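J.: Residues per chain are reported as follows:
There are 2 protein chains.
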Amino acid sequence: MDRADVVVVGAGIMGVASAYHLVRNNPGKDVLLVDRYGGPGQGNTGRSNAMFRNTFSSSDNQTLADASISFYLHTQEDEGEDLGLQKLGYLWTMNEARLSASEPYLEAMKRNGIEFSRKEARELKDKLPGFVLDGNAGGQASLLGLPTVEGGIFGPKCGRLDPDKLVRYYAREFVRLGGKTAFNTEAKRLVVGAKDSIGIEGEPFVWQESEVSGVEVRGQVNGIVEADCVVVACGAWGNEILEPIGVDGHTKAKKRQLFSFHAKGEVDLEGLVHAKGFNELGLCPMVILPKSGVHFKPVSEETALWVACEDEVNRPYLDLPDHDLGVYQAEPSYYEKSVKPVLTGYFPSFEKARLKAQWAGLYSYNTVDFLPFAFRKENLVVVGGDSGSGIMKGDSLGRLADALYREEEEATLYGEVPYKVSKIGFEARDVEREEWVI
Amino acid sequence: MDRADVVVVGAGIMGVASAYHLVRNNPGKDVLLVDRYGGPGQGNTGRSNAMFRNTFSSSDNQTLADASISFYLHTQEDEGEDLGLQKLGYLWTMNEARLSASEPYLEAMKRNGIEFSRKEARELKDKLPGFVLDGNAGGQASLLGLPTVEGGIFGPKCGRLDPDKLVRYYAREFVRLGGKTAFNTEAKRLVVGAKDSIGIEGEPFVWQESEVSGVEVRGQVNGIVEADCVVVACGAWGNEILEPIGVDGHTKAKKRQLFSFHAKGEVDLEGLVHAKGFNELGLCPMVILPKSGVHFKPVSEETALWVACEDEVNRPYLDLPDHDLGVYQAEPSYYEKSVKPVLTGYFPSFEKARLKAQWAGLYSYNTVDFLPFAFRKENLVVVGGDSGSGIMKGDSLGRLADALYREEEEATLYGEVPYKVSKIGFEARDVEREEWVI
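Residue numbers (our numbering), protein chains in the order written: chain U, 1 to 438; chain D, 1 to 438.
Do not take every clue at face value.
[Said to hold, decoys possible] Derived list of chain U stretches under chain D, where covered just means 3 residues or more per stretch with a C-beta under 8 Å from a C-beta of chain D:
| # | region |
| --- | --- |
| 1 | 153-167 |
| 2 | 245-254 |
[As the list claims (entries may be wrong)] In silico BS3-like cross-links for lysine-lysine, where the CA-CA straight-line distance does not exceed 30 Å:
| # | chain 1 | residue 1 | chain 2 | residue 2 |
| --- | --- | --- | --- | --- |
| 3 | U | LYS356 | U | LYS188 |
| 4 | D | LYS377 | U | LYS337 |
| 5 | D | LYS377 | U | LYS423 |
| 6 | D | LYS165 | D | LYS276 |
| 7 | U | LYS377 | D | LYS340 |
| 8 | D | LYS337 | U | LYS195 |
| 9 | D | LYS165 | U | LYS340 |
| 10 | U | LYS423 | D | LYS423 |
| 11 | U | LYS377 | D | LYS337 |
| 12 | U | LYS188 | D | LYS276 |
| 13 | U | LYS195 | U | LYS264 |
| 14 | U | LYS180 | U | LYS165 |
| 15 | D | LYS157 | D | LYS377 |
By construction, these hints were calculated from the structure, which means they are not laboratory data. Nothing here was measured: the structure is a model prediction, and the numbers come from that model. Note that CB positions come from ideal geometry on N, CA and C, so glycine has one too.
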């Protein structure tokens, strides 16, 4: 295996979606997907909360997510492929000030045809067992300055899916269409050559035009795989492979933690999992509390609730791979001191909840505008910077990677939605900064 | 020394200019300037080519540089402070295609009152000893595809200065106005605390508002210096101090190399240093050749010519401080194979030029739009990302740092030029990407 037309580095959601759309739209081309792990999605995709929403302040985020979600829904509902997808809905709980401040986002959503509805505080209290609207009512909570819930915004085309099922679906279809995979194979570096080589050692020189000519891999496959195009889709590890050739992936890696709690037989918690009146499944939606983005989702097949929160300043950006070992470890004190006080302010039933599992994964942040990007530099294509919302935009980003490979100005997202590729690149980037971040 | 009103981290040009304007505009405030080296400008400022120009494609770059240059000219000419400033002019040599492509930049410069003139190829050949307009005329050069020089653009308010003299001027005035310095003192980390501390170990928690409360230093001064505001102005080392607190400085570090050649007594080279007809000094301007940004400047006091070029893909971004040791070393093969072929195509007299010195320094690149930035996040101010043109914009950036400290919406650049601070920040950044890069 010493040549391919396209090599895709990384078999997380961005990589498998790219590989699938590349092989689908370029019949006869050899597409090789490489990943350091033994199968797809075993890096940060598999560690993700794997929620999806089309509710964003930025219309580009709305479009990219909405089209991907439609594709996932179509795949599960029309094609009968089980993606573990549950349209639970997202429920943002807010005080009046925040509800008012959200008006411009809601207007942007309306213009773009994104569904949502408002909820009264009373309705939320009635439907969500154990919900205390005034988070400060409890004893310890008075120091926290928890806003009182005065209403909510509900997005119905939002929910959860199973990231393993999703990436395995893409990888299987990729192989079925003729794509090749090399797992347990790490991309060590991008090989750069001179476009018009004159065969002198040390090329490319500064006066030569240079381009990525392949990937050096190690593991199950070894050596240099030459390629006409290399697609880098390796998320948090992007810097590691891009910086040595002087390309900025424009991302920083940050640890995010998840805590899963038993709900079966627990007062209020089991009822919370099965809260009625939000979706056809009779399940609790994803609930976002009005402080620090603390949120939880029901995992009905385990009768569990998964809890997480939004980090801000004071959580480090990580230099990989130095932190490789500890980076997937959740910190119990983080839950106890940073998450739990907020969570139990609004849902005291979590006070004695039994921890089932805890782990961490990495977000690959675009810290400029918090939207993903896709760009081409000579024959290198980079997709990433999804800032923790890569799964919900993965299908669209895969289509953009393919459009970049084919040097098309416009990609066609699922549902025949046209999307100008340069909007989400860097040289002529044309997106509004995302303000509705969890 | 355990408290200051403001601590400025880094005594390169950005740091000393910030410190000076802070102390000048905030009488009664304790401003402390810390740097790991024994004096100002001993990092990458002192290793810089220290050229200045007001000729850019971006009107913001024009404004920031023009005001700084005016201040430096005023300081040397009106205040009698020797900054080693020579208004040599910049001469871009180009073929017709590039001259045409530059039209929009020239229009932008006209609108902004930036002086320039066009030069005929014939005039350039007459005035610059040994200049071969057809770079490919020589034997070896045919592979290089060197464009024929068909004209030039000359910027008169451009030139060189002495970076040591400039930073020592700022540092001296800073101390004279009451500023304090701590040299040989390294800022190890930014200390983050909770705004409304409740005195529990592990603060700040996620639900607390956090802010930088000081700097931990080691060296001549040791311990934590608490501060109301910390200004980070440490160029290529920005990531090292910002990433651990989850702030993105939006820069990457890249090595840039300089090669100095003896010109005294050398055929054509000595004449080149003293090329007449470009400036009042009777010296060669900064000459930029039409390939790979290869350029040289005269250093008349040494009768030397300093040569450098523009890097593109395939030169790595560096992770500091890992590369600390080798990073200031120039690579002789880089000159021989990447720079010399272009240089000698147009100026064959460099063929046998004797190398006098070679060294390298680091650019702190803003890879998004190649303009510097200045932003505030709570009580942290960051200035940087000057992408190799920090000295020529240093005074303006210092004024912006001070305006950010005082939470002013507008800074006043030298010459009573108003400048909206948010334009050069990140949240509401409003600049055009710089296209005229060397």
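J.: For every hint, state whether the structure bears it out.
T.: Now the hints, each set against the structure:
Given a C-beta distance limit of less than 8 Å, the hint that chain D covers the region 153-167 of chain U is violated, as 0 residues qualify and 3 are needed. Remark: the region 245-254 of chain U is confirmed as covered by chain D, as 7 of its residues place a Cβ nearer than 8 Å to a Cβ of that chain, reaching the required three. Taking the CA atoms of LYS356 of chain U and LYS188 of chain U, the gap is near 36 Å; set against the 30 Å cutoff, the hint is violated. For the hint pairing LYS377 of chain D with LYS337 of chain U, the CA-to-CA distance comes to about 24 Å; that is within 30 Å, so the pair holds.
A C-alpha spacing of about 28 Å is found between LYS377 of chain D and LYS423 of chain U, which places the hinted pair at or below 30 Å, so the restraint holds. For the suggested pair LYS165 of chain D and LYS276 of chain D, the alpha carbons sit about 27 Å apart, so the restraint of at most 30 Å is met. With a C-alpha separation of about 27 Å, the suggested pairing of LYS377 of chain U with LYS340 of chain D holds against the 30 Å cut-off. For the suggested pair LYS337 of chain D and LYS195 of chain U, the alpha carbons sit about 16 Å apart, so the restraint of at most 30 Å is met.
Taken as a hint, the LYS165 of chain D and LYS340 of chain U pair is broken in the structure, with Cα atoms around 56 Å apart against an allowance of 30 Å. Among the hinted pairs, LYS423 of chain U with LYS423 of chain D is consistent with the structure: their alpha-carbon atoms are about 21 Å apart, no more than 30 Å. Under the criterion of a C-alpha separation no larger than 30 Å, the hint pairing LYS377 of chain U with LYS337 of chain D is consistent with the structure, at around 24 Å. Proposed proximity of LYS188 of chain U and LYS276 of chain D is contradicted: the alpha carbons are some 53 Å apart, above 30 Å.
A hinted pair counts as satisfied when its Cα atoms are at most 30 Å apart, and LYS195 of chain U with LYS264 of chain U does not qualify at roughly 62 Å. Among the hinted pairs, LYS180 of chain U with LYS165 of chain U is consistent with the structure: their alpha-carbon atoms are about 19 Å apart, no more than 30 Å. The suggested pairing of LYS157 of chain D with LYS377 of chain D is violated, with an alpha-carbon distance near 35 Å, which exceeds 30 Å.
Hints 1, 3, 9, 12, 13 and 15 from the earlier list are contradicted by this structure; the remaining hints agree with it.
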